[in-house]
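Q: Please construct the entire structure, taking both the sequences and the accompanying hints into account.
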Amino acid sequence: MNVFVTGAAGFIGGSIATGLVKAGHKVTGLVRSAEQAEELKAIGITPVIGTLDDKALLAEQARAADAVINAASSDHRGAVEALLDALRGSNKVFLHTSGSSIVGDASGGKSSDVIYYEDNLPEPTVDKAARVAIDNLILAAAKDGVNSAVICNTLIYGHSLGVNRDSVQLPRLLKQARKSGVVRHVGTGQNIWSNVHIEDVVALYLLALTKNVPGTFYFVESGEASFIDMTTAMAEALNLGQPQDWPLKDAEAEWGYEMANYGLGSNSRVRGKHARELLGWVPKRTSVVEWIRNEMV
1 MNVFVTGAAG
11 FIGGSIATGL
21 VKAGHKVTGL
31 VRSAEQAEEL
41 KAIGITPVIG
51 TLDDKALLAE
61 QARAADAVIN
71 AASSDHRGAV
81 EALLDALRGS
91 NKVFLHTSGS
101 SIVGDASGGK
111 SSDVIYYEDN
121 LPEPTVDKAA
131 RVAIDNLILA
141 AAKDGVNSAV
151 ICNTLIYGHS
161 LGVNRDSVQL
171 PRLLKQARKS
181 GVVRHVGTGQ
191 NIWSNVHIED
201 VVALYLLALT
211 KNVPGTFYFV
221 ESGEASFIDM
231 TTAMAEALNL
241 GQPQDWPLKD
251 AEAEWGYEMA
261 NYGLGSNSRV
271 RGKHARELLG
281 WVPKRTSVVE
291 WIRNEMV
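Numbering (our numbering), first residue to last: 1 to 297.
Heads up, some of the hints might be wrong.
With a straight-line Cα cutoff of 20 Å, these simulated EDC-like cross-link-like pairs (lysine to aspartate or glutamate) come out [unchecked claim]: (1) K92 / D144; (2) K273 / E224; (3) K26 / E60; (4) K249 / D105.
To be clear, the hints were calculated from the coordinates, so they are not data collected in a lab.
A: Pasting the structure below:
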């Protein structure tokens, strides 16, 4: 297939694009600079330079492709609307990347027993309402001749399979630890996130490319862990003693409001049945703690 991938110079998009090339697909990737374009060429991806604001470019690429994967931003409504407009009535696959912070509770590092399922999602917080509205727009496009899906990733771990980029959450903890000599988590670190290895993420996108049921929402998870378990493993791997609690205001000063409250300070516990039941997805990596101990650093 000819697949157009936005965010092809990023951690998720670059890994997906690389996986597509290895599987024999032809990939065109949206990048922002000539430097990124050269990176993509080196791994067999055809670059297109532009941004998510270039609606005409997005539409042109979507019409030329057999399928579209949006891995650049979960929050850019204009880009999504441009892609959906171009795909309407084509029955082409459109896979949109979302993230499970949409169910995050901004608990400040406290634990929660609440688990969310694909067919029973909560009303979003004010902070996440716009992202959820985009997800719903994409799912509704299935009624207009778009083979659409929302792929809602959890905490992704593992090293990039494409260009050399970091994932979102754990590398921030690692960077702070190396800078300060102390591994820290938000609050007491009792908050829990579902998680998944990047190799298993890529495998799911590849399956969805040919097996998606239009209008499906997928949680992508193969286990879960508390942040204190992850930071303890990180501290062991770095020989930095025990991890330390960090007040939310200090975490916000280091990582910003969004990352401290949702990416690192919330609970996001979900279960994904759709990928397993509809796509036959079987994740191979199931322990983020083991990966931190043995492979992260």
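Q: Report the numbers of all earlier hints that the structure fails to satisfy, in ascending order.
A: none
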